[in-house]
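2 protein chains.
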Amino acid sequence: MSNSMITDMETKIIYLENGSVTSAKGYEASGIHCGLKKKNKDLALILSTVPAVSAGVYTTNKAAAAPVVISKKITDGSSNVKAIICNSGNANACTGVDGHLDALEVQKKCAKILDVNQNEVLVSSTGVIGVRLNVPAIVNSLNILKDNLSKDGGLTAAEAIMTTDTVSKHFAVKVELSGGKITIGGIAKGSGMIMPNMATMLGFVTTDAKISKNLLQSALKEAVNDSYNKISVDGETSTNDMVLMMANGMSQVEIKESSEDYSIFTSALKDLSIKMAKSIVFDGEGATKFITINIKNAPTEKDANLIAKSIANSPLVKTAINGGDPNWGRVISAASSCGADIKPANCTLSFNDLAVLEPGYKIDYSEEEAAKIFAQKNFVITLDLNDGNANTTWWTCDYSEQYIKINAHYRT
Amino acid sequence: MSNSMITDMETKIIYLENGSVTSAKGYEASGIHCGLKKKNKDLALILSTVPAVSAGVYTTNKAAAAPVVISKKITDGSSNVKAIICNSGNANACTGVDGHLDALEVQKKCAKILDVNQNEVLVSSTGVIGVRLNVPAIVNSLNILKDNLSKDGGLTAAEAIMTTDTVSKHFAVKVELSGGKITIGGIAKGSGMIMPNMATMLGFVTTDAKISKNLLQSALKEAVNDSYNKISVDGETSTNDMVLMMANGMSQVEIKESSEDYSIFTSALKDLSIKMAKSIVFDGEGATKFITINIKNAPTEKDANLIAKSIANSPLVKTAINGGDPNWGRVISAASSCGADIKPANCTLSFNDLAVLEPGYKIDYSEEEAAKIFAQKNFVITLDLNDGNANTTWWTCDYSEQYIKINAHYRT
Chain S
0 MSNSMITDME TKIIYLENGS VTSAKGYEAS GIHCGLKKKN KDLALILSTV PAVSAGVYTT
60 NKAAAAPVVI SKKITDGSSN VKAIICNSGN ANACTGVDGH LDALEVQKKC AKILDVNQNE
120 VLVSSTGVIG VRLNVPAIVN SLNILKDNLS KDGGLTAAEA IMTTDTVSKH FAVKVELSGG
180 KITIGGIAKG SGMIMPNMAT MLGFVTTDAK ISKNLLQSAL KEAVNDSYNK ISVDGETSTN
240 DMVLMMANGM SQVEIKESSE DYSIFTSALK DLSIKMAKSI VFDGEGATKF ITINIKNAPT
300 EKDANLIAKS IANSPLVKTA INGGDPNWGR VISAASSCGA DIKPANCTLS FNDLAVLEPG
360 YKIDYSEEEA AKIFAQKNFV ITLDLNDGNA NTTWWTCDYS EQYIKINAHY RT
Chain A
0 MSNSMITDME TKIIYLENGS VTSAKGYEAS GIHCGLKKKN KDLALILSTV PAVSAGVYTT
60 NKAAAAPVVI SKKITDGSSN VKAIICNSGN ANACTGVDGH LDALEVQKKC AKILDVNQNE
120 VLVSSTGVIG VRLNVPAIVN SLNILKDNLS KDGGLTAAEA IMTTDTVSKH FAVKVELSGG
180 KITIGGIAKG SGMIMPNMAT MLGFVTTDAK ISKNLLQSAL KEAVNDSYNK ISVDGETSTN
240 DMVLMMANGM SQVEIKESSE DYSIFTSALK DLSIKMAKSI VFDGEGATKF ITINIKNAPT
300 EKDANLIAKS IANSPLVKTA INGGDPNWGR VISAASSCGA DIKPANCTLS FNDLAVLEPG
360 YKIDYSEEEA AKIFAQKNFV ITLDLNDGNA NTTWWTCDYS EQYIKINAHY RT
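Quick mapping for you: the protein sequence lines, in order, are chains S and A. Those letters in the first sequence? Residues 0 to 411, per numbering that gives the first Met the number 0, in order. Those letters in the second sequence? Residues 0 to 411, per numbering that gives the first Met the number 0, in order.
It is possible that some hints are incorrect.
All copies of an identical chain are treated as equivalent in the list; a pair is satisfied when it fits inside any one copy or across any two copies.
The calculated lysine to any residue pairs, modelled on SDA-like cross-linking and capped at a C-alpha distance of 25 Å, are [stated by the list, open to error]: (1) K61 x N296; (2) K72 x S278; (3) K404 x A374; (4) K342 x V68; (5) K288 x E400; (6) K61 x N388; (7) K36 x E367; (8) K36 x A370; (9) K71 x N345; (10) K61 x D340; (11) K61 x N345; (12) K376 x D352; (13) K301 x D340; (14) K180 x N377; (15) K288 x Q401; (16) K404 x F289; (17) K361 x T236; (18) K342 x Y57; (19) K37 x H99; (20) K36 x E104; (21) K288 x K404; (22) K37 x A370; (23) K61 x N385.
The set of hints was computed from the structure by calculation and includes no laboratory data.
Isolated chain S, as found in the complex (with noise of 0.2 Å):
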């Protein structure tokens, strides 16, 4: 994308306040208690008013979850769908033919509640692994779901999907493209790190634009890939991840292929994307810190991303992070080992504007400068490999005391 390209975007994208899945025309949703925890929502439903294309990106993981298994199957169908429930407090992983069983009914008694096919529903659960679902707890609870949906439902939903999460994370934007405007909205849950026992990531998102479902996966994944798909946290894949997307056409704002509308539609989202993603990393338990890792000048983009995310998953850069200590020599050894094409002798290292590793090893810096900038809360690690044109952005945090504290003693 051009730089005059993000310049219009920029002009062409409004953030609105409270913004989530309900945002756009045409989306109900709501977010009850239904047992599955102690206290705090615990299920959530997301109801577009008519029938829209869906999209998914889904966790590589082979201990891959029941509702996985299940809402893969109808994104890559080609059938519309109506719904999203998602439930928080368990996982319904790793619970073999019983917890595929547990899912489809769950599906099929919400389908069965809306009135609409078993397929219009895609499911999603987060929570603890290895312990069947409470089913008769979601589906008694149903009907109240359904009777609080509403146009401001989304913040709701958010707050029903958190697991271990200090804030609900919802975003949407408008976007204006040559028919007229579009919204986008989302919510996500994670906490900055994968839990214990918890499945991690998840996000939804709506839309009233018109795109075809081929379009709108194309335009999420990409967006995804650029996204959630570059923070780290402790580097692991869980067994529930997954992006869902629904978009209903209600703004009758027709995407086409190839189109500079779509262009922008994907950049919006991507946009959107992002600030989900990098609102989990904030999130984070236990980490203090929140860090931009860029990769400039690289041979090729994959060798870019695996620099990236080496380093954004050292446990000595992440350590050295959080004590705040400039320890260069860490993210060149991490920069160094992950099999990428790099030339450490060529490299020019920096911490936000302080370049402390120049081509040929040239070291000179102010050891006191560089300590300032990792004191920061929120500072830049940059590093150009002066070896192509290839750049990546990722986003991490630190390893705290704290991060241990939480994963060693969750259970007891």
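For chain S, the structure is supplied; the task is to place chain A on it using the hints.
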């Protein structure tokens, strides 16, 4: 290797008390303080009184330190060697052309003192990254280092290569071959984690067996693959990792290609290497537990190792072990997310002899029993894939709050 051979071999290997690199015939060593560290020994020398064939296995980190580049060139070549010189306190990594010249200078001056050719001296360094080596401190101490060489010097050499290690690591085995007895001895450093700015793991091994350079390299590579390459603390590969080996033939016992002697020699070397590798994991600063990870009946060895590595490196598994939480969901999730060929529904997962997960996600175990096992300082996690016949064993330790504390605040 057949079971009968293992039994045969066990009777043919005897561990020596206070064994080290000077246990085999024709080796002397010394360890002194030359001033790279504030106190404690920081310079070691291992000498073979006659020319020896050498072998080496090195870090794959692309920011490999100067001594790695220099020593690799020698062990890759055909010339014999006579000595290994190693300093602690400074890794001489990320120091560019100047650092390379520094290492060559140390090598040259050491060769001169020992009256050998420069390329008969292997060099090694461990310590802080990115700081120029204090060459005069080393060079000015070479006379003392040489004067201290002795038949009992292996233990002081083991001390002199320590960085954050709390104990020195040294072992030796006597092995009965068809032509008589030979000895293999080694010293190692590494404190169970890659330390801040510290280059991690070094191993130096000597033997009086008579063996060709090629055979020695094959044996060492195999031994390293099944020992040092199967320990994980934080999954990072440092700039300075190396294992060097010398064989000087002083026992007059020859090991021929494809012989049973070669199998026994390799098994003994592997056994010694595993002992040294385990001692590194045991000595992890902040590590409170020692875990053996067995992967059984995987489709391929590659899959088995990928899975073992993923479990061994998983921050969530390592924190659960720290907290004594028998959190099998994390183990399955780590195993299923590494890209290996695994069918989670087919797996049997056991903690010691307690099966916590059986095929078909059958869960029928006592949480209390599982917690008792996880409360131990030393236990075994076994994942049986029931889907092939490849097996592997890895070793790891836990992540403790102390780990974060040490790594966050090391320089501050």
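Structure-based check of all given hints:
1. K61 x N296: between (34 Å within a copy, 17 Å between copies)
2. K72 x S278: neither (29 Å within a copy, 49 Å between copies)
3. K404 x A374: both (23 Å within a copy, 16 Å between copies)
4. K342 x V68: This pair counts as between: shortest inter-copy Cα distance 14 Å, intra-copy 42 Å.
5. K288 x E400: both (13 Å within a copy, 17 Å between copies)
6. K61 x N388: between (34 Å within a copy, 20 Å between copies)
7. K36 x E367: This pair counts as between: shortest inter-copy Cα distance 23 Å, intra-copy 48 Å.
8. K36 x A370: between (43 Å within a copy, 24 Å between copies)
9. K71 x N345: between (44 Å within a copy, 22 Å between copies)
10. K61 x D340: Only across copies: K61 and D340 sit 9 Å apart there, 29 Å inside one copy, limit 25 Å.
11. K61 x N345: Classified as between; 12 Å across copies, 39 Å inside a copy.
12. K376 x D352: So K376 and D352 pass the 25 Å test inside one copy only (16 Å; across, 46 Å).
13. K301 x D340: both (9 Å within a copy, 23 Å between copies)
14. K180 x N377: So K180 and N377 fail the 25 Å test inside a copy (34 Å) and across (62 Å) alike.
15. K288 x Q401: both (13 Å within a copy, 19 Å between copies)
16. K404 x F289: Result: close both inside a copy and across copies, 20 Å intra and 19 Å inter.
17. K361 x T236: between (38 Å within a copy, 23 Å between copies)
18. K342 x Y57: Result: close only across copies, 18 Å inter versus 34 Å intra.
19. K37 x H99: within (24 Å within a copy, 63 Å between copies)
20. K36 x E104: For K36 and E104, only the intra-copy Cα distance (20 Å) is at most 25 Å; the inter-copy one is 67 Å.
21. K288 x K404: Both: 17 Å inside a copy, 16 Å across copies.
22. K37 x A370: between (44 Å within a copy, 24 Å between copies)
23. K61 x N385: between (38 Å within a copy, 16 Å between copies)
The structure is inconsistent with the numbered hints 2 and 14, although it conforms to all the rest.
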